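In the order they appear, the protein sequences are chains A and B.
Mapping the first sequence onto our numbering, position 95 (from 1) lands on 132, and the numbers just tick up by one.
Mapping the second sequence onto our numbering, position 323 (from 1) lands on 360, and the numbers just tick up by one.
Possibly wrong hints are sitting among the right ones.
Away from chain B, derived, C-beta distances all over 12 Å, residues of chain A [to be verified]:
no.: 1; residue: Thr-44
no.: 2; residue: Thr-50
no.: 3; residue: Ala-104
no.: 4; residue: Lys-115
no.: 5; residue: Met-142
no.: 6; residue: Pro-149
no.: 7; residue: Leu-173
no.: 8; residue: His-176
no.: 9; residue: Gln-215
no.: 10; residue: Ala-225
no.: 11; residue: His-261
no.: 12; residue: Leu-352
no.: 13; residue: Glu-365
no.: 14; residue: Lys-372
Quick list of simulated restraints, FRET-style, between CB atoms [to be verified]:
no.: 15; chain 1: B; residue 1: Ile-377; chain 2: A; residue 2: Asn-373; range: 35 to 41 Å
no.: 16; chain 1: B; residue 1: Ile-377; chain 2: A; residue 2: Pro-242; range: 36 to 42 Å
no.: 17; chain 1: A; residue 1: Asp-378; chain 2: B; residue 2: Asn-100; range: 42 to 48 Å
no.: 18; chain 1: A; residue 1: Asp-277; chain 2: B; residue 2: Asp-330; range: 16 to 22 Å
no.: 19; chain 1: A; residue 1: Asn-373; chain 2: B; residue 2: Lys-273; range: 34 to 40 Å
no.: 20; chain 1: A; residue 1: Lys-290; chain 2: B; residue 2: Ile-377; range: 32 to 38 Å
no.: 21; chain 1: A; residue 1: Asp-174; chain 2: B; residue 2: Asp-380; range: 32 to 38 Å
Hints are computed from structural coordinates only; laboratory data are not their basis.
This structure is a prediction, so every number in the text was calculated from the model and none was measured.
Note that CB positions come from ideal geometry on N, CA and C, so glycine has one too.
There are 2 protein chains.
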Amino acid sequence: MSLNLQTYTEHFTNPLYLESGRILEPYDITYETYGTLNDDKSNVVVVCHALTGSHHAAGVYENETKAGWWDGLIGSKKAIDTDKYFVICSNVIGSCFGSTGPMSMQHPHLEPYRYKFPVVTVKDMVKAQRILFDRLDIHRVHAIVGGSMGGMQALQFAVHYPNFANKIIALATTYATQPWAIAFNKVAQESILNDPDFKQGYYDPDILKEQGLSGMAVGRMAGHISFLSHESMRTKFGRDYKLTDGLYELFGKFQVESYLEYNGYNFTKWFDPLAYLYITKAINIYDLARGFDSLAESLKRINADLHLISFKNDLLFKNFEMQEIADELKKNGNKNYSYIDIDSDYGHDAFLVELEKFDNYVKDALNG
Amino acid sequence: MSLNLQTYTEHFTNPLYLESGRILEPYDITYETYGTLNDDKSNVVVVCHALTGSHHAAGVYENETKAGWWDGLIGSKKAIDTDKYFVICSNVIGSCFGSTGPMSMQHPHLEPYRYKFPVVTVKDMVKAQRILFDRLDIHRVHAIVGGSMGGMQALQFAVHYPNFANKIIALATTYATQPWAIAFNKVAQESILNDPDFKQGYYDPDILKEQGLSGMAVGRMAGHISFLSHESMRTKFGRDYKLTDGLYELFGKFQVESYLEYNGYNFTKWFDPLAYLYITKAINIYDLARGFDSLAESLKRINADLHLISFKNDLLFKNFEMQEIADELKKNGNKNYSYIDIDSDYGHDAFLVELEKFDNYVKDALNG
């Protein structure tokens, strides 16, 4: 069966009340769907994206070659089987792929918000999606699945909309962002802010994409370290040199340097720096327990079946963070959760690249 | 007994033949001594400093409050006991605290070398020290001790001057810099190179120290992540906010952000960016096995008693790197080595801050 990829943008004129007390109004949400909604609307699977992801989670657009970011997981006969499920993935507010973010026009002006854009939180991102689903007349879903910041969203859905999803599957994520993740984000934020081409937020986005914002490239390089692991770096790069003209250069460039350069500078061609600042802020201030007396109290709200998946060598969201959620659930007497720690050398990137290590778990969790 | 701190600078007019094939000529080496040289010159302990360290390893200068970087380890009745040993610590060539580096004047011109400074290696740093000791009429020493890049120097001494030291003590270091360490250095290098105030190396050092080179600050922030560990960051910072006017700010600044900012920007006031580029390059290309068929072959050259100390949660030089040296020594049938892995939460910084965890080992290794 075909993937039946559809892309839409919904426009909302009602105010979105944000956690900060501020209002976003009006706003757009761009989203993508795969598969077919069944008659009783019982086959919806929501997929949530990570920091620099988008609504384009699966399939390949016409005239493009690169597939969506979880294409290996979503599709006909895949773990999230589009023959069976109707999958929805939306671009989070604050991002830069169609949903309203800092470079969107600030109504009624024809100028971008830039720093006037309000701070958004992961809870706000989830709330906006909940309103989108209302619009689509979907009031309960089969499952919500996400990794990294997508996993944060899945957990926020579980806590704040406890009767909305039957199942929650959260990968490579945490209950509250820990200092090492904040530290990596800090490097990127400072690097962007200090770049004179960033013009204190008053850059021309077209020129910036053309020339590449080196400050964001450097920040992204730091990010890439946190996405890898010592093991994967050793396997992938070792101390190999990048070959130039067939020569082994004694004092030349290492493969790992070349990898960071390529990924760092290339990133600036497709992501917006203000969106990067706003989303990393959202990640930093993410705390499932905010508004509750404790993490335990927040987790008590969860009614869905909860499936937690961590990766052993993840440097960004350490596996013990997921273990801590599982421990709290156990103490709470929750019987409807599972936790597995996947033995992978890939580090944080595993949730995007080593699908064969966990796709069966996702499949079983969805179908079980 | 007094520490007997003395600071000197020696000037050398003979050329220093570098590993790259280039020549450094003339050059200076600034060094410090503690304790008193005994009559038969049998009580010399050489201490080697890390990336941003200097010859000032112990004691407090007049009118200053901050002690040398290993003051807790070096002194009367301390692990490196200056009542007994005559300690020498020299600033490496390529650095910026008195020894010749990229901002030194390029003789006979009255202009700094800047990029005309040759690439130096850890082996070159060691060679220059060996020549300094010759000048001081010291042809054999009791021990060489160092951590991080200081440990690299200690190991290079052991391999290239096998009859020079009785004992080698190397902490928190490696036999060849691995891709994760190169990756952290890459972030710092790119960040410095991209900063317009760096002026492609043609900056005014006084102005730069005054205003602070933000590109180097950001690079140093990334460095600080690698010096810490997940455990130490959790203990030290958690998700605590920096208090401002006594208010707990919901969306304010995290302690970890404040720590990185302070250390990053402050660093630019006391370290030179070109020196940072040259020394990180030296670290990246450090490989004990260069010039040998294998690491095993290079290690076979060692005659000294070798003591290896790693730290369990070191993110920069992983404990398994030291284990690999120990494994090779064992395979080689070497009987004169010891290896211990210290249980510390401090990460790489442990060799500078958690002295009580290893000072007895250093003491025993020196005296045993």
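Evaluate the condition: distance from the CB of Thr-50(A) to the nearest CB of chain B exceeds 12 Å.
Non-interface label stands for Thr-50(A): nearest chain B Cβ at 27 Å, farther than 12 Å.
12 Å Cβ clearance of Pro-149(A) from chain B
The claim stands: Pro-149(A) keeps its Cβ more than 12 Å from every Cβ of chain B (closest is about 21 Å).
If I take the minimum Cβ distance from Thr-44(A) to any residue of chain B, is it greater than 12 Å?
The assertion about Thr-44(A) holds, with a minimum of 33 Å to chain B.
Does Ala-225(A) really sit off the interface, with its C-beta more than 12 Å from all C-beta atoms of chain B?
violated (9 Å)
His-176(A) clear of chain B by more than 12 Å, beta carbon to beta carbon?
The claim stands: His-176(A) keeps its Cβ more than 12 Å from every Cβ of chain B (closest is about 31 Å).
Does the no-contact call for Leu-173(A) survive, Cβ to all of chain B over 12 Å?
Holds, since 31 Å exceeds 12 Å.
Over 12 Å from every CB of chain B: does Gln-215(A) meet that, or does the non-interface label fail?
violated (6 Å)
Can the suggested window of 32 to 38 Å be confirmed for the beta-carbon pair Asp-174(A) and Asp-380(B)?
The hint (32 to 38 Å, Cβ to Cβ) is violated, given that Asp-174(A) and Asp-380(B) are roughly 58 Å apart.
That 42 to 48 Å hint for Asp-378(A) and Asn-100(B) (C-beta), does it hold up?
violated (55 Å)
Over 12 Å from every CB of chain B: does Lys-372(A) meet that, or does the non-interface label fail?
Per Cβ check, Lys-372(A) is outside 12 Å of chain B; nearest 30 Å; holds.
Does the beta carbon distance between Ile-377(B) and Asn-373(A) stay inside 35 to 41 Å, or does it fall outside?
violated (46 Å)
Can we confirm that no CB of chain B comes within 12 Å of the CB of Leu-352(A)?
violated (8 Å)
Comparing the model with each numbered hint stated earlier shows that hints 9, 10, 11, 12, 15, 16, 17 and 21 do not hold.
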